[in-house]
Amino acid sequence: MIQVLISGLFLGSVYALLAVGLSLAFGIMGVLNLAHGSLAVLAAILYKKTLVLYPFSPWTFCLLATPIFLGFGFLLHLIIVAPFRNLSLSAGLVASLIASLGLALILEDLLVCWQGWEPISTNIIFPTYNLMGLKIPGLRAILLGMAAVTIGLSTFFLKKTDPGRSMRALAQDKEAASLYGINPGFTSMGALGLATILAGLAGIFYSSLYPLGPREGIDLTLKALFIVVAGGMGNLRGPAVAGLVLGFIESFAGVLFTYTSTDTVVYSLLVVYLVLKRSGSRQ
Amino acid sequence: MKPWQMSLSIIILTALMMSSAVFSKGYVGIFVFSLIINGTMAVSYDIPGRSLGLISLGHAVFFGLGAYCFGIAYSNGFSFFPALILSVMLSVVGALMVTFLMAGLNHGYYSLATLGILIIFQRLFETLESLTGGSAGLYIPETLSKLHCNLLAAFLLLATAACHALFFRSRWGLYSKETEASEEAAEAIGIPTRTVKILCLMTAAIPACMAGMLHLARTSHVSPVSGFSLTLSITALLASRVVPVKGLLGPLLGALLITAAEEVIWTKFEGFNHAWFGLILLVAALYQGIDFRRKKTISAAVENPLSR
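So the sequences go chain by chain: A and B. Residue numbering for the first sequence follows numbering that gives the first Met the number 0, starting at 0 and increasing by one per position. Residue numbering for the second sequence follows numbering that gives the first Met the number 0, starting at 0 and increasing by one per position.
Any given hint could be a false lead.
Unchecked claim - Derived Cβ-Cβ restraints for the label pairs, each shown as a range: (1) B:Ala-135 - A:Asp-161: 49 to 59 angstroms; (2) B:Lys-176 - A:Thr-59: 56 to 66 angstroms; (3) B:Ala-259 - A:Trp-113: 24 to 34 angstroms.
These aren't lab readings, by the way, just hints derived from the structure by calculation. Quick reminder that beta carbons are idealized off the backbone N, C-alpha and C, glycines included.
Whenever a hint applies, use it, and build me the whole structure from the sequences.
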């Protein structure tokens, strides 16, 4: 039972990292990026391909990959945000959703072409610690710590730094933020860059723990969206907590049901939650 | 709809009816059948898509539901027409449950939930192995001749087109447009918005269910991936929106275009079919072909009345 809880905690921390990036993109730009999970898969493949040449640890690779994913974020901004900036919030949301789905489909085929159908697993050997009779895998514990630090740093960046404050101002009122001299295009580009970095880190962490198929990008995105919807769109603390909850749900469902049933449970919860939440907000 | 658009729509429908009778076998027969099924999916998709402005990423849920209901009924000893009637009834109940859940959602939330529903059904039908054949799918023996399947599919397209035309001329069509413009305002003037949404979504769901049944009757096989297919949902979305013409003509021309493109993609770019669909989606979204009708509404709404 406690072992399942620990496993859920590790999985939840990776989901939280993935969802925080998605929530950031939605909160600041009103964009539901369906290519978010595919970017995580891309990061995992990049890590695996790099491991063949240089045996980097996940944390060293994370540091090296950060500027690359910042660049991907800027590129993504040009495709799924910039063209729809003149549309209303709901029309922009749908347009970005469709554009990012298109991008996710393109990425998936390219990733299959590059990597093949086999799931990616970086499989780094790390010692397992015994703490009061509980087996705690060292790599998972380190990744859990790294996920917590990343979320903490992102929160610090958004709350205490000038670019972070600009992003929050933009999320609250675009026009008022522009009047105060904030460049909406540049700031939202930075926000999507940060969100993409978080997706990349989540992909590297996930593939260090579990096998990740090249076509699992959209599945990952949907789980992250469930977390974002459950935790509240646009903030960071809610998705982080909801990510942990999903990790626990998935770990428990994994013990009780088969793999496909676990997904059915998770997605059913997504739809029921979405329907209940929308009904509640309408009332 | 303008007279030339109506005339062209009738010409396309007549040509499809005749082709379904003439070409029932071989590659051309399969192509004509695919064209008719895609046409049915696109025209049915266009009903809630245009009237309520909803973008569904899971229209194939109804297709898969219909195919599986028919397959399960047929493999349990029912002959063709009783199995068809039973599966229509079962699919209607299933579709009603799905549409009842979805009716409260708008715009991005609706798109997201429909995608979630599609994956739920895919996984659920993989899990219920004893009933659905698991991930390998369900095989049934040939139930009808290819010619009959093509003819029934053509009649289904005709009936769907008639529903499309009648819906937009009926008061429910007007109610749905009012609901799309402003749900609160529509409720204030006494429009039962939830009923309108359910009716609209059901009008789209039933033809899709029947298309699934006929597809299974012709191909003898359905699997969770092919029945509840994201590609099929995207095909319907693209076919209904890619040609910027209002009325019935838009989805019909869209279905012709997308089915032809699909054939080229499948044969010439094997392994990249998702990527090509993605590219078409991306280009369509970038040029606002996906939501071109909404664009007009928005540009009219954001126009400052004081500047006139």
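How the hints compare with the structure:
{"no.": "1", "hint": "B:Ala-135 - A:Asp-161: 49 to 59 angstroms", "in the structure": "58 angstroms, holds"}
{"no.": "2", "hint": "B:Lys-176 - A:Thr-59: 56 to 66 angstroms", "in the structure": "58 angstroms, holds"}
{"no.": "3", "hint": "B:Ala-259 - A:Trp-113: 24 to 34 angstroms", "in the structure": "29 angstroms, holds"}
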